[in-house]
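Residues per chain, in single letters:
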Amino acid sequence: DVKVTQSSRYLVKRTGEKVFLECVQDMDHENMFWYRQDPGLGLRLIYFSYDVKMKEKGDIPEGYSVSREKKERFSLILESASTNQTSMYLCASRRDRGPYEQYFGPGTRLTVT
Amino acid sequence: QKEVEQDPGPLSVPEGAIVSLNCTYSNSAFQYFMWYRQYSRKGPELLMYTYSSGNKEDGRFTAQVDKSSKYISLFIRDSQPSDSATYLCAMSGEGSSNTGKLIFGQGTTLQVKP
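One line per chain: the protein sequences are Z and E, in this order.
Quick note, the first sequence lines up with residues 20 to 132 if you use the numbering used here.
Quick note, the second sequence lines up with residues 7 to 120 if you use the numbering used here.
Bear in mind the hints are in silico, worked out from the structure with no lab data behind them.
Fair warning: there could be bad hints in the mix.
Claimed, not checked - So the derived label-pair ranges between C-beta atoms look like this:
1. Z/39 - E/26: 41 to 51 Å
2. E/24 - Z/36: 41 to 51 Å
3. E/74 - Z/27: 42 to 52 Å
Glycine residues also receive a C-beta, built at the ideal position from the N, C-alpha and C atoms.
Same shape as in the complex, but just chain E:
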């Protein structure tokens, strides 16, 4: 079993839809949770990060972490064609058992149709 599971999709939605992207994980030591967006043939760019459980909002994007369920989500409101990209979740723990390396999900490909 992979440490981080993410449905690769592809996910296709109409413009204006609410998009929900999700990852599950198995390592309870993870405390830092990130979402990256990667456009085709480009490097990933950091979209949002959260520490421990809770929600974080930035414009049309909301990140949620549920540590009890080992489940994280990224919501995109009023999705736009420019949101079409691959979204990768990533997470990390702290302490001597972890050097701070990020563990990535496989990425979900999203297409927002005009």
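Bound-form chain Z, shown alone:
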């Protein structure tokens, strides 16, 4: 079974803090993704990576950065957390060929106060 794990299930941070969200997958997948999920807005892609040290912006990259130093690990960084970044953050991975199904982690519910 594909396993995607995320470092925290729940996180509370203060405005202005630098926040690191970690994701690890154990299936040797080439591609990894970070989404945020908000009521009424669905899943929105923040960043994705198709290879080590490679990254591409998704639909809402502002205020976020990412790091992929190893194939199995993909980190999301909130440089200076703001209250509008309170959300559910989901990491996913998939192999580099069709049918492109993505496997998700359990999510991190981040609250910024």
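Assemble the complex: chain Z is given as a structure, and chain E must be docked to it using the hints.
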């Protein structure tokens, strides 16, 4: 107009009912179609996927794709309270114009009442 449209519901049915969940889309390049189930405060889990048009059955679940109408469906037979969740459709194309990113519907919340 969104690329993928999905009625958010909520949809409430009695136990044992047949449930029909649907998505429409606008991009004719989509060829891979998926359904995810997401329980409250959990990550989405892949339920089924189909390639191009046609039907696929897995136990009580049937996925249908009608590319001519740009319409996909998920049917749940003999629905159970444990099926209560949010169901998200997702789709992707191939080729240089698409990196294989999934485009998600907003999700339909289903409640199956005992």
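Item to check | CB-CB spacing for residue 27 of chain Z and residue 74 of chain E relative to the 42 to 52 Å hint | outcome: Holds: the Cβ-Cβ distance is about 45 Å, inside 42 to 52 Å.
Checklist entry - Is 41 to 51 Å a correct range for the gap between the Cβ atoms of residue 24 of chain E and residue 36 of chain Z? => result holds (49 Å)
Checklist entry - Taking the beta carbons of residue 39 of chain Z and residue 26 of chain E, is their distance inside 41 to 51 Å? => result holds (42 Å)
In this structure, every one of the numbered hints holds.
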